[in-house]
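Enquirer: Sequence:
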Amino acid sequence: MAITALPLDCWLKERLKNWVQLSGHQGTIVPASNHSLWKKQPQGSHTEAKAYSQIMLDPALKGVTPNFIREIQHRNEVFIEIQDLLAEFPDPSTRAIMDIKIGSRTFLESEVANKHKRVDLYKKMIELAPNEPTDQERQDEAITKLRYMQFRERKSSSATLGFRIEAAQLPGVPIQKNFKQIRTRLQVRRALRHFCGTDKVCKQLAKRLRHIRDSVEASSFFACHEIVGSSVLLIHDGGTNPTSNKEVKVGAWLIDFAKCHRIEGGGKLTHRRPWDLGNHEDGYLIGLDNLMELLEGNEEEEEGNDENNNNNEERINLKFNEEKEIINGK
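By full-length UniProt numbering, the letter at position 29 of the sequence shown is numbered 29, and the numbering carries on one by one without gaps.
One should not assume that every hint holds.
[As the list claims (entries may be wrong)] Mimicking EDC-like on lysine to aspartate or glutamate, the simulated pairs with C-alpha atoms at most 16 Å apart in a straight line are:
1. K145 / E111
2. K177 / E166
3. K249 / D91
[Claimed, not checked] Cβ-Cβ distance ranges computed for the label pairs, FRET-style:
4. G172 / T270: 20 to 30 Å
5. H116 / K200: 47 to 57 Å
6. K268 / H116: 25 to 35 Å
7. K123 / H35: 32 to 42 Å
8. K268 / G172: 17 to 27 Å
9. K207 / R273: 39 to 49 Å
Since the hints were made in silico from the structure, they are not lab data.
We treat Cβ as the ideally placed atom computed from N, Cα and C, and that holds for glycine.
Work out the full structure: start from the sequences and follow the hints.
Expert: See the structure below:
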């Protein structure tokens, strides 16, 4: 059964009851079968389909991304069909999901030359940081996409840790996306610890991420591709009861390759070197390194790091819901 049978039948209606899309434009990803989904592609773009096709041929990356099934056209639109990772965790009453954007650079090098100024991005900036715009930007009431993306990197943990939390959902709690200003190691560690629930789950996910990190280091695909806007999807079925002795299943996969470009000229990327215009470094492995370390570490260590490096950092009080704090504020 696939969504070529639209309008919705009983099967799809039932699937959509438990369907979760953490990030991206809502409605661009929909269930296609019991074990696959369709992801809408930008008009005329085959970038992500090509990337997944090449990833499937790289033995080092076996099992670290969703399986790619096919690229397909439906009603004059292009989709890719890929493995539905949530199908391995079918019970929403115990399932926790987190989307983490990987990389210290979140914009394409081609966007550096784009001087078009956008009002919507200016409004987003002043919502997060009213004092951020320059006098000229206040006069224009508009900024370039590059300016906004670099602002977001500095405001979040992307610039310092090489990753940032985009969205998360715990069992019985609506999807949360209020992570934009989590940027210190301690804040991120507490958010991850709250998501995992127990040290055991943290260490299980860290072990899986170590395998993914080692796979990326050994990958011929990653060696010659700039990866921007990709995410790590973390899932576990430990529920919200940290005292439970049940065996917890965890998973982590690399997803989202719509901004993936091959480096011409035979160059090799380290994914760890600092970015300079033209070197195409993206900080992908920096993000995986730090994410793994924070899951393996403990809060006391991060408290010390933050006190040493961020004495004047304002503590940010964020919540998954009204009762459960991710970050200790006062």
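Enquirer: Now tell me, hint by hint, if it's right for this structure.
Expert: Now the hints, each set against the structure:
Of the supplied pair hints, the one linking K145 and E111 holds, its CA atoms being roughly 8 Å apart against a limit of 16 Å. For the suggested pair K177 and E166, the alpha carbons sit about 6 Å apart, so the restraint of at most 16 Å is met. Of the supplied pair hints, the one linking K249 and D91 holds, its CA atoms being roughly 12 Å apart against a limit of 16 Å. In this structure the hint that G172 and T270 lie 20 to 30 Å apart at CB is violated, the actual value being about 42 Å.
Range check, H116 to K200: Cβ separation about 49 Å, and the 47 to 57 Å hint holds. Between K268 and H116 the beta carbons are some 33 Å apart, a value that agrees with the proposed interval 25 to 35 Å. At about 40 Å, the beta-carbon gap between K123 and H35 stays in the expected band of 32 to 42 Å. Remark: the range hint 17 to 27 Å for K268 to G172 is contradicted by a beta-carbon distance near 46 Å.
Range check, K207 to R273: Cβ separation about 27 Å, and the 39 to 49 Å hint is violated.
Taken one by one, the earlier hints fail for this structure at numbers 4, 8, 9, listed in ascending order.
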